[in-house]
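**Student:** Listed below, chain by chain, are the residues.
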Amino acid sequence: MQNDYILNAFQAYVDTIIPRTPGLAEVYGYIQYYGALDLQVDQFLLYNFEHVSMSSAELAALLLNAAAVQWLVNQGYEGRGSLDLLPPSDRLSAIMLLELQQMDPRLLSEEFLNDPGLMVMLTDTLLYYTLQGYYSEWAGYGTTRLNPPQERVLEYFPLSWEQVGYPGPSLGYRVLRTVDIS
Amino acid sequence: MNENYDADVIVIGAGGGGAVVAKELAEKGVKVLILEAGPWYGNAKWPNPNSEHGADASSNYEDLSIDILKKCFTDLENDMNDLVTGKLRWGPADRNRPPWTRKGGFVWQNAGVGGTTLHYFANSPRAFPQAINNIWPISYEELIPYYERVEGQLPVHEAPVTPKEEMFYYGAKKAGWQSGCGPNLTQPCYRQQYNAILEVNPRINDPDFDIQNNSGVGCTLRGHCVNGCHIGPTVEAVAKRSTLVSYIPRALATGNVQVRPNAFVIKILTVEDSERGERATGVIYKDTWTGASTQLNAKVVVMSAGGIETPRLWLNSQLPQNPWVGKGLTNHWFDTVSGIFDEKVVMDVLGVSDIWPYAGQNSAGRLDIPGLGVMITMGMSPGIFATLNYGTSSSGFSSLLTPNTEAAWNVEGLVAGEQLKEFMREYRRTLSLLLFIDDDVSQSNEVVLDPNQMDEYGYIPVIHYQPSEQDVAKREQIATYAAELLRAAGARTVTRANWPAELFIHIMSTMRIGYVVDTNCEAYQVKSLFIADNSVLYNGIGGPNPTLTTQAMATRTADKIWDIYFKQ
Ligand SMILES: Cc1cc2nc3c(=O)[nH]c(=O)nc-3n(C[C@H](O)[C@H](O)[C@H](O)COP(=O)(O)OP(=O)(O)OC[C@H]3O[C@@H](n4cnc5c(N)ncnc54)[C@H](O)[C@@H]3O)c2cc1C
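Residue numbers (the working numbering), protein chains in the order written: chain A, 1 to 182; chain B, 1 to 568.
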């Protein structure tokens with residue numbers, strides 16, 4: 001399967017979980033505008049899903065698009081579609097069907113029927129990777145971010161850390177308090 | 001040592017329990033060989049542990065190298081803790097190879113010398129006496145001297161107070177909880193953690209103290225317990241006392257211990273002895289880099305592969321059937337509840353603007369409620385923080401749920417979209433609590449082998465864990481207490497994650513004392529085979545973090561092994 005198919009699904013997913021937020025930017029400053037697409041978190045998902053013992057990037061993308069179809073069916077539409085073609089405001093509801101395991105098995109490919117834990121595992125992992133990819137240092141690896149882990153070099157301070165006010169790793173903090181709690 | 005043996009004792013796994021039993025035996029003069037599936041960080045024989053095979057073994061204290069440890073432990077949370085490519089992951093040393101697959105949920109454990117203690121918080125409380133006495137086949141009183149030995153050896157200290165703990169104690173007091181209790185807890189009580197972390201460097205708050213070039217001893221409150229601590233002038237003096245830096249150096253110092261990392265044990269070997277029945281004689285392990293198999297013989301074998309892998313290895317070795325092998329899994333079924341505070345409130349209570357979840361030991365304060373469970377403060381770097389507080393739930397997305405106006409929290413479930421960014425924007429003023437309950441032992445909560453799926457080390461383990469009705473009620477109760485505490489402290493927004501049950505962090509009681517092993521922790525059905533890890537615990541010890549109890553048991557088991565097999 002084409003990487004495009006997978007990346008389209010992953011982009012729609014990460015953009016739903018961590019979107020660009022012009023509203024927050026207006027109130028809190030421009031840094032709050034950026035979201036997961038700006039840090040290319042979809043590529044982080046692709047890398048990690050491809051580097052487990054049973055490469056599952058394609059299955060994860062299939063699952064996301066099956067959820068889109070299920071959502072359409074639930075709304076009374078004909079069953080064809082994919083997550084990236086759903087309006088952004090409806091995507092979270094589609095992903096919710098995975099979270100709550102409300103999928104019609106007929107919409108799922110064989111792999112999911114043979115392994116009941118697979119859907120839960122992929123659903124949890126999608127979210128985990130998205131949050132890790134965005135809020136950890138990964139984006140800061142810049143041009144080396146898709147290298148094997150031993151060959152990544154931190155090139156800059158991740159924008160997400162600026163958004164949350166994390167100063168980055170430190171060798172110590174002068175924060176000892178003297179309090180008697182007993 | 002008998003010349004047919006490669007060692008007197010082979011220990012499988014250099015984690016929370018294995019390193020302890022090895023060091024205790026070695027100090028009595030027993031020759032011990034430790035086989036560990038993962039890498040060794042901080043040893044001159046493995047200058048690049050993730051990219052080169054390096055040596056086969058190390059048995060020399062002088063091999064320990066703080067410079068290599070500092071080079072390996074980069075403090076970067078993805079580099080260290082990514083589940084697929086991290087240095088602290090459940091997989092082989094070579095990070096270009098995939099992690100090891102486990103089924104039935106997510107098992108948070110780590111392969112390497114030090115095992116899962118490499119990224120544990122080092123919380124080291126004792127069990128609740130009421131969960132041991134008249135329940136376990138041994139008494140709490142019998143454990144006390146072993147607790148004292150481990151507490152002295154690690155060592156364990158009362159944890160320091162930083163802003164997040166101060167806010168927690170403030171809330172606990174306002175919510176009406178009592179403080180002032182000793183280590184043997186019988187009443188609900190909030191207190192400073194007992195952590196296996198060296199005391200804080202006494203100069204930490206001194207503006208002239210040079211944090212950048214510090215080569216002193218002591219914790220520097222930098223919040224990287226979970227990402228791999230390397231603060232200290234030598235490996236043995238590193239602040240957080242994973243067994244990599246506590247028991248392993250002491251074991252090497254005896255001159256009686258050899259450790260082979262990158263060695264995955266695939267089979268326990270036994271013989272049928274006409275007098276004594278089945279007896280362990282050795283193991284077969286595979287080199288995780290080359291795949292080469294090696295057989296080793298010893299008088300005694302100790303399984304310390306952890307709550308999942310010890311039963312897996314038993315089953316893959318086709319050791320005798322026992323209805324309790326792999327059964328009775330307890331896991332404390334965790335959850336998180338967090339409070340976001342306004343700056344003014346933080347200022348009024350603490351006199352500073354922020355709670356700083358990334359500063360201080362990852363977990364330094366706790367409220368214990370015997371009969372129910374535990375809540376602890378938890379501050380982490382932002383990626384792990386976001387995952388544990390907002391990205392782990394069985395409720396689905398909070399924004400799509402009908403709000404429950406009865407609940408003690410404002411938000412339940414996964415947080416996504418603009419709300420996630422708003423909450424994360426207030427990361428610095430968020431106080432998170434990690435909750436875990438005293439879950440029931442049930443024979444149907446189990447580790448079994450997948451009948452079809454194998455990896456290069458045998459059939460892979462599958463976990464089945466279903467909390468009881470009582471467990472559900474306990475977890476709702478403790479989540480409510482946590483939310484009330486945060487409210488009492490003045491939190492504006494309280495969120496509850498509602499974790500699924502299939503997330504395994506305190507993996508216990510899958511090879512229970514009294515069922516699979518006798519009171520010496522020797523297997524009933526296989527002589528000279530002992531177990532020294534979380535799996536021998538009889539139950540979830542009432543809720544407290546399990547490692548200190550496992551280490552006390554491992555100390556005791558070393559004494560028993562000595563008495564039975566080596567004392568002349
Ligand atoms: C993030 C996190 C924080 C935690 N914080 C705390 C805390 O603060 N306090 C606390 O008490 N507990 C804590 N825990 C739990 C704690 O880590 C475990 O209780 C403890 O490590 C268990 O010790 P063990 O010996 O049973 O297993 P482990 O420490 O997991 O050691 C098992 C070792 O055996 C090796 N192994 C497995 N199979 C084989 C094989 N076949 N051949 C060779 N080697 C093998 C593994 O690689 C591993 O090194 C935490 C856990 C996590 C994930």
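Think of the hints as simulated: they come from the structure by calculation, not from any bench. Among the clues, some could well be false.
Claimed, not checked - Label-pair ranges, simulated between beta-carbon atoms: (1) ASP4/A / LEU400/B: 38 to 46 Å; (2) ASP4/A / GLU343/B: 41 to 49 Å; (3) ARG174/A / THR234/B: 53 to 61 Å; (4) LEU100/A / LYS173/B: 36 to 44 Å; (5) TYR30/A / GLN419/B: 14 to 22 Å; (6) VAL345/B / GLU155/A: 36 to 44 Å; (7) ASN452/B / GLU155/A: 51 to 59 Å; (8) ASP104/A / GLN443/B: 12 to 20 Å; (9) ASN452/B / ARG80/A: 28 to 36 Å; (10) SER53/A / GLU469/B: 30 to 38 Å; (11) GLY168/A / TYR459/B: 37 to 45 Å.
All values derive from a computational prediction rather than experimental measurement. Glycine is no exception: its CB is placed at the ideal position from the N, C-alpha and C atoms.
**Student:** Run every hint past the structure and note whether it holds.
**Tutor:** Going through the hints against the structure:
1. ASP4/A / LEU400/B: 38 to 46 Å: Because 29 Å falls outside the window, the suggested range is violated.
2. ASP4/A / GLU343/B: 41 to 49 Å: holds (46 Å)
3. ARG174/A / THR234/B: 53 to 61 Å: Once the Cβ atoms are compared, 24 Å apart, the range 53 to 61 Å for THR234/B and ARG174/A is violated.
4. LEU100/A / LYS173/B: 36 to 44 Å: Because 39 Å falls inside the window, the suggested range holds.
5. TYR30/A / GLN419/B: 14 to 22 Å: At roughly 20 Å between Cβ atoms, GLN419/B and TYR30/A fall inside 14 to 22 Å, so the hint holds.
6. VAL345/B / GLU155/A: 36 to 44 Å: holds (38 Å)
7. ASN452/B / GLU155/A: 51 to 59 Å: violated (44 Å)
8. ASP104/A / GLN443/B: 12 to 20 Å: violated (34 Å)
9. ASN452/B / ARG80/A: 28 to 36 Å: holds (34 Å)
10. SER53/A / GLU469/B: 30 to 38 Å: holds (36 Å)
11. GLY168/A / TYR459/B: 37 to 45 Å: Holds, at about 43 Å.
Of the numbered hints stated above, those contradicted by the structure are hints 1, 3, 7 and 8, listed in ascending order.
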